[in-house]
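Engineer: Chains as they are written, first to last, in this note's numbering: chain D, 1 to 333; chain R, 334 to 591; chain P, 592 to 878.
Read the hints as simulated data drawn from the structure, not as lab findings.
Backbone N, C-alpha and C fix where the C-beta goes; we use that ideal spot for every residue, glycine too.
Certain hints may be false.
Claimed, not checked - Straight-line Cα separation of at most 25 Å, SDA-like style, residue types lysine to any residue; simulated pairs:
1) Lys425/R <-> Ile526/R
2) Lys487/R <-> Ala322/D
3) Lys487/R <-> Glu204/D
4) Lys135/D <-> Gly770/P
5) Lys487/R <-> Leu319/D
6) Lys425/R <-> Ser492/R
7) Lys135/D <-> Lys754/P
8) Lys487/R <-> Gly705/P
9) Lys135/D <-> Val773/P
10) Lys754/P <-> Gly770/P
11) Lys487/R <-> Arg566/R
12) Lys754/P <-> Val773/P
13) Lys487/R <-> Pro308/D
14) Lys425/R <-> Glu576/R
15) Lys487/R <-> Ala95/D
16) Lys309/D <-> Gly770/P
17) Lys368/R <-> Arg534/R
18) Lys487/R <-> Asn522/R
19) Lys754/P <-> Val679/P
20) Lys425/R <-> Leu849/P
21) Lys309/D <-> Ala683/P
22) Lys309/D <-> Ala187/D
23) Lys135/D <-> Val679/P
24) Lys309/D <-> Ala671/P
25) Lys425/R <-> Gly489/R
26) Lys309/D <-> Ile533/R
27) Lys135/D <-> Ala95/D
28) Lys754/P <-> Leu783/P
29) Lys309/D <-> Ala431/R
30) Lys425/R <-> Ile533/R
31) Lys425/R <-> His767/P
32) Lys487/R <-> Val186/D
33) Lys754/P <-> Ala742/P
What the hints assert, rightly or not - Beta-carbon label-pair distances, calculated as ranges:
34) Arg583/R <-> Ala187/D: 55 to 61 Å
35) Asn762/P <-> Arg348/R: 26 to 32 Å
36) Asp572/R <-> Gly753/P: 48 to 54 Å
37) Gly377/R <-> Val720/P: 55 to 61 Å
38) Asn762/P <-> Ala535/R: 41 to 47 Å
39) Val738/P <-> Val354/R: 54 to 60 Å
40) Gly407/R <-> Ala23/D: 33 to 39 Å
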Amino acid sequence: MPGIAIGGRYAAPQVAGGVLIAACLVLFPLVASSYQLSTLIVSMVFLLPAIGLNLILGYTGMLSLAQMGFFGVGGYTSALIAMHFGTPFWLNFVAACLVPALLAAPLAIPALRLRHTSFVMCTIAFVFIIESVSKNWVGLTRGDMGLSSVPRPRIGLWSDGFIVHTTVQYYYLGLLLCALAVAALVAIVRSPAGRYMIAIREDEILAASVGGRTWHYRLAAFVLSAAFAGAGGSYYVHYVTVISPTVFDPSYTNTVLVVVLGGGVGTIAGPILGSVVFVALSEALRIAPELRMVVYGLVLTTSVFAFPKGLIAPLTSALRGAVQPKARGPHDR
Amino acid sequence: MTAETQAALSLRGVRKSFGPVIAVAGIDLDIAAGKICGLIGPNGSGKSTLFDCCTGLVRPTAGQVLAGTTDITGWEMARIAREERLLRSFQKAVVFRALTAEENLILAGQMTAFRSLAATFSLGPLAHRRVQALRARAGELLERVGLAHMRHSKAGEMSFGQQKLLQFASMLMPEPRTILLDEPFAGINPVLIERIVENIRAVNREQGVTFVIVEHNIDVLSDLSHRLVVLSRGSILADGNPEDVIRDPRVVEAYLAG
Amino acid sequence: MLQNLFTDGLVIGSVYALVSVGMTVILGVLGQINFAHGEYYMAGAFAAWWAIDRLGLSYMASIPLTILIVGILSLAIGYAVMQRLVDVSFDAGIIATLGVSLLLQNTATLIFGGTYQIFDGGWLEPMRVFGEDIAQQRVLIFLVTLVVFGALEWLVRKSTFGKQMRAVSQNVECCHVLGVDVRRVVLITFILGTTLAALSGVMTAPITINIYGAMGEAITLKSFAVIVMGGMGSIGGTLVAGWVLGIMESLVAAYVGLQFRDAVAFALLVMVLMWRPSGFFSTKARY
Ligand SMILES: Nc1ncnc2c1ncn2[C@@H]1O[C@H](COP(=O)(O)OP(=O)(O)OP(=O)(O)O)[C@@H](O)[C@H]1O
Ligand SMILES: [Mg+2]
C-alpha cells in the first residue's frame, strides 16, 4: 500500500508526491472554471464521509453502511445551530462532528456485539432509523420539507466575520477541511491505536491476544468515522443551503462506497483519488444520474475481483517504479 | 509441588462443555513458576480448549483459573495478556500477515509501553520515543530468533516456519511471565524447531518465563520439558517426569486408541 | 376488519417469503448475502409488464416468459459474478452484489424511465373465501407460495441436487474432493433463488400495480429481516417469518400509522439481531 509505514517515516517520493498534488489543488482555481471547481467541491463533500469509511473499513475491517446517516445528522446539526443561533462556521462544524459521534457511541453498544453481515445489516437499519426520525420529528427538522435557507459559512471567531459565498471560496474551505481530515486520519492510523485497529482488521482474536482492547478500538473507529461523516454533512449543508431526508438516499451511501473501494481502501491516497475520479469526473462529464449509478455498480462489482486495491494501486506502483526501480519498504497492506 | 515453588498458573476444577461435547472435564493443575511444562494428548483431547479457558478466549463452564494468586476467571483475553502477562499462541492464526515483521513485534510490545487507552491515540514525542524503544527491542528480538534480515518483510510473505519464529518473538516483546504455546513445532523443519527449542530454553533460563507447551512431537517435547502432563478426553491421564510419563502404559494406549 | 388485515398480511407475507427463500438458499449454498436480490423481483415485474404491454401477451403467458428472461439474466450474472464468490470474504460478497444491484436497478430505470409504470394484468375479480371477498390474485399468491415451499423442501431433502446443495453448504473443500461441482451447484441454486424472486415479482405486480426501477430495494431490506427471523437457511422458518412480517406490517399500518409500516422490518431485524447477536452469519447456514 502506498501511504503508511506505520510509526515509521514516509518515503521521500510519497512526501514529494503529496506536496505536488497539494500544490496543484491549491493552485487549481487559477486555471479552472467555476463549474470545474464546483465538481471538485462535490467530490470533497463525499471525501469527508469516505475518509471515515476508510478508517472503519480499510483500517479496522468493519463494513459500516451508516456513514450517510451520520452525514445527515451532521448536516442537520450544523444547519439548525446556524439557523437558530447564528453561530460562526467553526462552531457549527465542531458541533457537526461531535453530535454524530455522540450519537454513534450508544448505537455502537448493540452494533458492536454483531459481526460480519449482521453488523452490516444493523448499520443499514441505523440509517433507516435516523431517516425516520428526520421525517417524523417535524418540529425540529420540518419533516419531508427539510430545512431551507441555511446560512452560508461565516468565517469569524464569534459574532462577525467574512461570509463564504463564491465557488472559489467554497473550494478553499473544502480543501482546508479535507486537509484537516486527511491529517487526522494519518494521525489516527499511525498512532499505536491505529496499529491495534489494523490488527483487528487482520484477526480480531489475535489482536486481543496481544493485549488489544478490541471492543474499545472498534468503538473508537465507529465513533470517529461518524465524526468524519458529520464533518462532511456540515460542509455540504452550508454549501447547498438546504437539507431534507433525501440525504439518506442509498445512492449517496453507494457513492461513498465507490469512492473508498474504487479509489483504494486502506490507503490514504486511495479515497482522495476515488473522490476525484468517481465524483468530480462524472459530474464534469455530466453523466445522467442513472448511468452514473450503472457505472458505480460496475466499479463496485469489478473492484472485488479485478482491482481489490483500487485505482491507487497500479498508480503508486507505476510511480514507485519510475522513482526507484527496486523499491522495497515497509508497507502495511 | 513443593511448598517453596509458586504456581504461575493454577486450574481449579476447570470444565468446558460445548453443548453435549465435554471438551475439558474438570481439571486441577498447578503449573510451577519458572518451569517448562509439556502438555500432550490425542487430537480432540481438549488441549487447545484448556488454553482457551486459561487465556479468556472462552469462559469455563465451571471452575477457576488463577494466574499466580489472581483469580482471572471470566477476564477478557486482552486484560489477561496486559495485566498478568499471560500470553498464548494459536494453532492456526500465527501472525498479522499484512504487517511487517517489525510491526508485528511493535504491536505485541504496545501493551507494556502504552498502559492507558488514551495514550495509544497520542502521536506526541513521548509516544514516538516509546515506539522507537519498541522498535529497537524488536530489532534485538529479530536478531535473536534469526530473522533480522526479514525485518521489513510482510509477515504474510514469510515461510510458515519463519512466521512461527516471528510469533514466538512477538510473545517475548511484552516481558511475559507465562507463555502458552499451542503446537509451536507443527509443520516446520527440524532446523527451525531446534532454533525455537533453544530460544525457549534460553528465555526460560535467563528470564524465568514459565512455559506450557502443547505439542504432538513428543520426542522434542519430553526432551525440553521439566514435566509432562497427558490429557485424554478432557481429563488428566498422567502427570510427572517426562521419562516416566512416556513409558506409562496408559499413555501409550491412549495414543494408540486416540 | 381484523380478519381482513390478517389475510392481507398473510398474502403480503407470502410474497416476502417467496422472495426471501431465494435469498436463503443462495446464502445457504454460497455463504453470501445477495444484496441484489430485490432487483430480480423488480426484473420479474418489468419483464411481465413488457410482455403484456409491449408484446401484447396475456398475463398467463407472461409468467413463463418472465421466468425465462430472468433465468437468462441470472445465468449471466451467476456466471460472471456469483460463481466467483464461493471463497471470497463476506464483505467482498456484499460489495459485489451491491454493485450488481446498482447495475440492474439503474439499467431498468434507464430502459423503462424513471417514473412508475402501470401494471395491467392478473386476475383481480374477488372470490369468496371463508366468508370474505378476496381478489383471486391474492389467493393465487398464497397457494403458489405453499406449492413452492413444498417443492423446495422436497428438493433440498430428497433430491440428488438437494444433497449436493447440502454438501456445498457444509464444506466446499470436501466437495472438491468428492467430485461435487461446486460452481455448478452455486449457479443452479442462484438461478433457482432469483427466479423465485422474479416469480414473486410477476405475481405481486397485479396487486401493487405501480412498478419502477427502485422497487426491489425495499424488498431486499425486508428479505434481510425475514431470513434473520427465519433462522438463516431454514426454508420452513423463512415461510413463517415472511408471514409474521406481513401480518405485523398490516397491523401496524392499520393501528399505528401507515408511515411506520416499513419500519416494522427494521425493528424486527434489529431486535432479532440483538436477541441472537452471534451465530447467524458467522458460519454458513445449514439445512
Ligand atoms: N467452539 C467449539 N464448539 C464445539 N466444540 C468444540 C469447540 N472447540 C472445541 N470443541 C470440541 O472440543 C474437543 C476438544 O477440542 P480441542 O481443540 O481442545 O482439542 P485439542 O486437544 O486441541 O486437539 P488437537 O490436537 O487436534 O489440536 C473436541 O471434541 C472439539 O470438537
Ligand atoms: Mg488443539
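Engineer: For the pair Gly377/R and Val720/P, does the Cβ-Cβ distance stay inside 55 to 61 Å?
Structural biologist: 57 Å Cβ-Cβ, so the 55 to 61 Å window holds.
Engineer: Is Lys487/R within 25 Å of Ala95/D, Cα to Cα?
Structural biologist: Distance of about 41 Å is beyond 25 Å: violated.
Engineer: Taking 25 Å as the top limit, are the C-alpha atoms of Lys309/D and Ala431/R close enough?
Structural biologist: holds, 13 Å
Engineer: Between Lys309/D and Ala187/D, does the CA-CA distance stay at or below 25 Å?
Structural biologist: holds, 22 Å
Engineer: Verify the proposed pairing of Lys425/R with Ile526/R, using a straight-line Cα cut of 25 Å.
Structural biologist: holds, 17 Å
Engineer: Hint check: Lys487/R vs Ala322/D, CA-CA at most 25 Å. Holds or violated?
Structural biologist: With Cα atoms ~23 Å apart, Lys487/R and Ala322/D stay inside 25 Å; holds.
Engineer: Straight-line Cα separation of Lys487/R and Pro308/D no greater than 25 Å?
Structural biologist: holds, 18 Å
Engineer: Do the alpha carbons of Lys135/D and Lys754/P lie within 25 Å of each other, as the hint requires?
Structural biologist: violated, 49 Å
Engineer: Regarding Asn762/P and Arg348/R, is the given constraint of 26 to 32 Å on their beta-carbon distance met?
Structural biologist: Once the Cβ atoms are compared, 30 Å apart, the range 26 to 32 Å for Arg348/R and Asn762/P holds.
Engineer: Holds or violated: Lys487/R and Leu319/D, Cα atoms, limit 25 Å.
Structural biologist: holds, 21 Å
Engineer: For Lys754/P and Val679/P, compute the direct alpha-carbon distance and say whether it is at most 25 Å.
Structural biologist: Roughly 23 Å separates the two Cα atoms, so the pair holds.
Engineer: Given the hint of 33 to 39 Å, check if Gly407/R and Ala23/D actually sit that far apart at their C-beta atoms.
Structural biologist: With Cβ atoms ~56 Å apart, the hint is violated.
In summary, the structure is inconsistent with hints 4, 7, 8, 9, 11, 14, 15, 16, 20, 23, 26, 39 and 40 from the numbered list given earlier, while agreeing with the others.
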